[in-house]
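K.L.:
Place chain B with the ligands on chain A using the hints.
For the protein sequence lines, the chains are A and B, in the order given.
The opening residue of the first sequence carries number 1 in the working numbering; numbering runs sequentially from there.
The opening residue of the second sequence carries number 1001 in the working numbering; numbering runs sequentially from there.
Take the hints with a grain of salt, since some may be wrong.
Claimed, not checked - Label-pair ranges, simulated between beta-carbon atoms:
hint	chain 1	residue 1	chain 2	residue 2	range
1	B	Pro1254	A	Glu90	29 to 37 Å
2	A	Asp796	B	Glu1227	20 to 28 Å
3	A	Thr506	B	Glu1227	42 to 50 Å
4	A	Ser124	B	Pro1254	38 to 46 Å
5	A	Lys658	B	Gly1173	52 to 60 Å
6	A	Asp289	B	Glu1227	23 to 31 Å
7	B	Pro1254	A	Thr504	52 to 60 Å
8	A	Gln246	B	Asn1054	56 to 64 Å
9	B	Pro1107	A	Asn130	48 to 56 Å
10	A	Gly127	B	Gly1173	54 to 62 Å
11	A	Trp136	B	Arg1239	37 to 45 Å
12	A	Val91	B	Asn1054	50 to 58 Å
13	A	Glu627	B	Gln1079	26 to 34 Å
14	B	Arg1239	A	Gln405	20 to 28 Å
Said to hold, decoys possible - Capping the alpha-carbon separation at 25 Å, the derived lysine-lysine pairs in DSS-like fashion look like this:
hint	chain 1	residue 1	chain 2	residue 2
15	B	Lys1002	B	Lys1095
16	B	Lys1002	B	Lys1214
17	B	Lys1214	A	Lys250
18	B	Lys1214	A	Lys767
19	A	Lys487	A	Lys477
20	A	Lys511	A	Lys487
21	A	Lys667	B	Lys1074
22	A	Lys477	A	Lys658
23	A	Lys658	B	Lys1214
24	A	Lys153	A	Lys511
25	A	Lys767	A	Lys790
26	A	Lys153	A	Lys487
Just so you know, the hints here were simulated from the structure itself, not pulled from any lab data.
Beta carbons: idealized from backbone N, C-alpha and C, even for Gly.
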Amino acid sequence: MPEPTVDKISRRGFVKSCVALGGTAVLSGTIASIIGARDTDNPAFAANPDKPLRHVRSTCSPNCTGGCGMVAAVQDGKIKTIIQAADYPEVELNPRGCLKGLSMSNLVYGPNRMIVPQLRVDGSKPGTDNFTDVTWEEALDTAAVRLQEIADKYGPESIACIVQVAATGHVHKGALSRLAALAGWSMHGGYDMNGDLPMSAPMTFGVQSEENESYCWPDARYIMVFGSNLAATRIPDAHFLHEAQQAGAKMLVFDPNYSVTASKADEWHSINVGSDAAVALGMARVIIDEGLYDSNFVKIYSDLPFLIRRDTNQKLLAQDVAASAGLDVPADIPCYRRSHVFVTTDGRLRASNPQELLADVVPEHIALEGSASVQLGDGRIVEATTAFSLLRTQLEDYGLEQTEQLTGMPGADIARIARQAATTSPLHLIYGASNYQWYHGDLKGRALALLPVLTGNIGNLGGGFSTYAGQYRMRFKPAAWWKVDGKGPAFVPFEYVVHGPTETMTARFPKNGIRAWIIFCCNPFDQHNLNNQLREQKQNGHLELVINLDFQKTTSSLYSDILLPGVTWYEKTELVTSPVHQYLQLMQPAIEPVGQCRPELWIFRELARRLDTDFDQYFFPELGVEEATSEVIRLLLAQGGDEVEGITLEQLRKGPVKMHHGSYGTKRIPFYEQIHDGQPFPPVSYPEPLENTAQFVKSGRIEFYKDEPTFIELGEALPVHKAPYEETEYALDPTYRERFRFSYITRNSIHRVHSTHADNQVLLELKDHRPKLLVNPHDAAAKGVQADSKVEIYNDRGSITAFAVLDPGVKSGVVIFEEGWWQDQLNGSYNALIYPHIKPTHEVYFVPQMWSPNTNWNECLCDFRPVGVEP
Amino acid sequence: MKNGMVIDLDRCIGCQTCAVVCKMHNSLAPGVWWNRVFTQGTDEHQTAVGENDNLQMEFLPVSCQMCSDAACEKVCPTQASYYDQNGTVLVDYEKCIGCRYCMAACPYGVRQFNWRDPRETKAEAAHETAVALDAGLATNEAELGGVDRWSFARTQVVEAACLLGYPNPQFEGAAHHLVYTQNRPRGVVEKCTFCAQYTQNGELPACVRACPAKARSFGDLSDPTSEVSRMLASCSTVRLREDYGTEPKVYYLPPSNRKA
Ligand code: SF4
Ligand code: SF4
Ligand code: SF4
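One chain only, chain A, in its complex shape:
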């Protein structure tokens, strides 16, 4: 047996060390000469007395948002091991955790761990690792001076802050929001920047997003998964899917590509790329045609019974109807709600009550279908038809044959599944980022939402409509800390920074653009689209200053000017929530901050007092950082509202504490208060006040008919299927239709949380240290690409190289790149290929991270070829 190659990973010299460590290497082996080289002076042989280990419970909380309780074992002030705390009182949740969380110590003590503050060497090129170590004084003084210069030159709003996933760090991430509010800086919202905001959620339900906690998965009996690989991206939760199946649930996966989740499903349907809406509409047609829908549910909770004016294609407003109709329009309707009009079975018009869904209406008396001639207040007579009737007409385009053509799914399967879905309750529909991070992702979600809504599966235990991508959503009111006297920073959607402002935008864009960034635990120079353009903005000086707070030196650090070393979740106290379970948890310091690193609250407080001595008072100046953190947590708990009422820091110090909710039983049920108590849609989406999001669904109901002019102009008032690329790649450059025929999917790897863990030595070994491109074997053969050979993936915007993996589970015409690499590990940048197409429906309103232009990661075409072969 040859001496195994020492697996030496050097970040800078990465590409050279692509050592294949396949399983077969260890499984073979012949005996060679006996080397007999035991070294007896190895201290391993000395019988060290056992030294005690100290155990500290913290919470793993990267951007996966899993929020897994972990225990670090510490000796001599250093972390030795990490294992799941497995201390959730609901024992079914134990043990939450995954391979990344359990090897986090490889980052705490990683090769790119930040140690001290650094400043870019004057005149050195952005993108190079050319920094000088400095004292905190020097770093912070410089930061304050430079920020002040930019603010004086371009206005403070030209300085933008990025914080990722607020709910993973209420105290320290909140500190930046607080400082930005004081200083008048702008903020980019992480949820839309990451493309994780599912626009169908605000459009249909008026919420930022909603989801069942994974503990509810076993309560479903029919689970339909569209474009979500839960068994890879929600590793700690995946067992609940298995338990659902054990309890009798059927799980169906709809995905062009085979995945771990598909392998565990009862059925996998390899639908055509971008055809999810057509699948849903084909099924909705069967459900409606065969009368399998829950008509009472639809009448009470959705806008489908409302009359749509045929002259304007807008909903008929009760206030516009002539007094002679005798409508009893409810009084005191807030400005963000509207009373609409429906028809009773005996042909009379009635006004809806947008404030109270169960108000004196007998659903049996409501006509779902039909038309009426209505006299308006100005005397005109207009024709109007119910939204449900219009939907039925629209669905005529989605007969089984047409749907089969659009989706590649046999019509018989569409019909069978539609019937099963309508008759097996609870139905839980899960739609992933692969489903909606498309230009027409909003249409897909709106179409898919028809299935649980038509069948009455909202507000019931186990049923629902969930996404688990990202999750910026805050679970309680953060304003006491995130804002200053009720005032938060102004938000600028990130998409406009790379795309430029649009004519249709409703958000404000600073008149001088964004000229400086403060980025906190975020790596946009790798992880955002058109990042080559971002890098150029830094290189050509448009972006004059980048200040980076991170515990690691990432690609974005290399494009920064000032590096402020932050800490991991084993070096500070912090308050954390997660979308997949209902527990409030703390990060707690197991060790002292590594090197000169400091908890971020300390860093922002120091920066604040240098900017303006008045700012000091907002950050508990008299307290040490740990004490100040405790005070902030107390403040957040005291003013966080019903969800955290009565929960104390002392309780949290002992372990996870479940937040309160309004559903019966132990599990939280989304929209419970709407369905059971008749409260209008939407429930509040923190941190926004209700009126800001309630305007999204003015009817107070689940809305399938969107009558804002943009929707009507685009023919999207009702959910419809639209093909991918037509309005994006092909519109931008018609030659893409012929030149770039492959759908470019950058999917999450089990070894990464995006680019976090990119330099985790152990996980790199499991990846063979190789960036990989998964391709269908037939496509590879057609291109002359062999397994393991180097390929170039490219379009006109960018190019990368990776090693080909021939995977028969990849649909022909698709290539999949596992994302999460740093610039130095790759030849090029995988996100450079992706263009920020902005859909006008995303701009109808602007409420930060709730209705805002999103990154459509998957709306991208490419081609690939063996390295060294010219096209």
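P.N.:
Relative to chain A, chain B with the ligands alone:
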């Protein structure tokens, strides 16, 4: 007492958490894995096997099978490989002479050899910056007025990275066999011990504690009331290469293939 493990392949999602927690807690050097997760039929983990609609992806975690009739134990000339009183096959690192007969004999290929001092391998892996460190020292010392905090802190980080894993040695039985030590010496053979440092102290192996899919169970096969015994009694199980007659104490519940 007879310790054994049952792995439910229907539950297993191939996430490799067991492999990683094993590596971290047992302080395995780069390149060494006591526990590996395979995708059956392919070298590329978590890719499909088959064609068109007839695809599958099935996982198989493999560590020492803890044979009751262990080939490794039979061939070991020094009795360094031995059974403890619970039937667990262990290696006494003080007795191992590195002849590697056991590696040749083991039909499952799970034993690994320390060709070099793992501390060296770890130090190399933790950093390529040994050189950079030296280079950095000079400038930094000057710039920070002789306060060389950077190199001090960096050295500490490298040191901590090299000393990750359960730190204390574990001795077994009256004879005080050294069955766990954080950095195994150069020239010995190592493999899964069912986490001797934990199970000898009444805790579960790290992989069993950590498996997020709850696919792994551990316990006393001779106690009919134990979870593992009850699983064996109620489900049909398989062991790897039963034809070798090695009588493993690691059992697998085969995948159910629920797809229509
Ligand atoms: S990385 Fe995410 S899923 Fe894994 S342990 Fe940490 S929080 Fe949990
Ligand atoms: S941790 Fe569990 S689910 Fe993951 S690979 Fe190992 S046995 Fe399978
Ligand atoms: S699997 Fe190999 S190393 Fe383990 S007991 Fe069996 S023969 Fe020995």
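K.L.:
Which hints, by number, does the structure contradict?
P.N.:
2, 3, 4, 5, 6, 8, 11, 12, 13, 14 and 21
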